[in-house]
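Peer 1: Throw the hints in and build the complete structure from the sequences for me.
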Amino acid sequence: MQRIKLNVFKSWFDKNLTGKEIDFLLVLSFYQDKRGVTRGVYYKDMMREGKMSAQTFYDCKKSLTEKGVISSVEGQDDYDITLIGNDFTIYGKEDYEEGKVKYLSTTYHLFRDPYFRTLKPKQKLLVMDLLNIQMAGRPNGVNAYRIYRKNFIKKYANIKQNDGTKSKGLLDITVRTLQKYFKLLKYYFSVSLKNGMYFFTLKSKFAKSGVNHTTENHITIQHLVKAACRRNKIKDPDAKEQEKIEKVLENREKEVLNQFVNLSDIIRSMIETINEKIPDPRKWNRRLKATLFIKKFNEAVS
DNA sequence: GACTCGGTTGAACAAGTCTG
DNA sequence: CAGACTTGTTCAACCGAGTC
Numbered sequence: 125m126q127r128i129k130l131n132v133f134k135s136w137f138d139k140n141l142t143g144k145e146i147d148f149l150l151v152l153s154f155y156q157d158k159r160g161v162t163r164g165v166y167y168k169d170m171m172r173e174g175k176m177s178a179q180t181f182y183d184c185k186k187s188l189t190e191k192g193v194i195s196s197v198e199g200q201d202d203y204d205i206t207l208i209g210n211d212f213t214i215y216g217k218e219d220y221e222e223g224k225v226k227y228l229s230t231t232y233h234l235f236r237d238p239y240f241r242t243l244k245p246k247q248k249l250l251v252m253d254l255l256n257i258q259m260a261g262r263p264n265g266v267n268a269y270r271i272y273r274k275n276f277i278k279k280y281a282n283i284k285q286n287d288g289t290k291s292k293g294l295l296d297i298t299v300r301t302l303q304k305y306f307k308l309l310k311y312y313f314s315v316s317l318k319n320g321m322y323f324f325t326l327k328s329k330f331a332k333s334g335v336n337h338t339t340e341n342h343i344t345i346q347h348l349v350k351a352a353c354r355r356n357k358i359k360d361p362d363a364k365e366q367e368k369i370e371k372v373l374e375n376r377e378k379e380v381l382n383q384f385v386n387l388s389d390i391i392r393s394m395i396e397t398i399n400e401k402i403p404d405p406r407k408w409n410r411r412l413k414a415t416l417f418i419k420k421f422n423e424a425v426s
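Letter 102 of the first sequence, counting from 1, is numbered 226 in the numbering used here, and no numbers are missing.
Heads up, some of the hints might be wrong.
Derived DSBU-like pairs: lysine-lysine, alpha-carbon spacing no greater than 35 Å straight-line [what the hints assert, rightly or not]: (1) K290 with K332; (2) K226 with K304; (3) K318 with K186; (4) K364 with K401.
In case anyone wonders, no lab produced these hints; they're calculated from the structure.
Peer 2: See the structure below:
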């Protein structure tokens, strides 16, 4: 479920997030389930995926918790992390059809672009906001986003109004700083100024989505299985067995989402059965066996 | 290996000047 | 207006050196 609810995203504007905190949240969004929960968040995975140091991982986890953006439960050398407010299970088919579900998709190539990772937090938020405005209701993003220069500046930057009072923009930066951001905006958007009006068009190579809806679920399931294997110390799980398990879980997505079903427990039980004749756990054969896993899974959900 | 503390530093910031 | 170049200041992100 590579989606961030729009109101969740909007709340980031006044949380004083750092660049790495945003990267942290984006990586979570790639793997979270429909409830906004990412199980088995492992610091080494985050270091690789978010291009951050170990220290930064712990710093971000702590600061984001303090800022009320995530909540975290300790696992075994990893964490179950919830992106607060990002629960999509409350929506039905009708809600989607009626366009009631407003969200920012993180499947766009833009979020895999290495340059994006190097941007400062306010630059990231600005790019994401413009991306959202441009793509909202326009799946192909074909139409340019038009806004008067005056309104654009007032929306994002702090300005002095005619009566002398100051107004704060979304980004809480000076007009000059906003002006400087244009250099990077032009990397992602075609920008032109005509008759005092800006035209923004997201460049097509960034607008492409690397992931369709089926793959979105697949990525989440894959991550769940990977995390459950790590928690049970299964090194190099057999690819074929893993694939069989993932296929079944994908077809039974709703049951997997049930928070009382813990894949890690099921895999532990599977390993216990495989090794029931070996009393010493240190000598256990830690491997995946799809048929047995599915049996245990059925027992767990019944 | 997982995790934390303390200290360093490079980069972004506001604000000023100046150019086409 | 859009942007280049500057300066002093601040702090995000990381590294090294630990502990458990």
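Peer 1: None of the hints should be skipped; say for each whether it holds.
Peer 2: Checked hints:
At most 35 Å may separate the alpha-carbon atoms for a hinted pair to count; K290 and K332 exceed this at roughly 39 Å. For the given pair, K226 sits about 30 Å from K304 by alpha-carbon distance, which is consistent with the 35 Å threshold. For the hint pairing K318 with K186, the CA-to-CA distance comes to about 46 Å; that exceeds 35 Å, so the pair is violated. For a cut-off of 35 Å, the pair hint linking K364 to K401 stands: about 25 Å separates their Cα positions.
Hints 1, 3, counting from the list given before, are not met by this structure.
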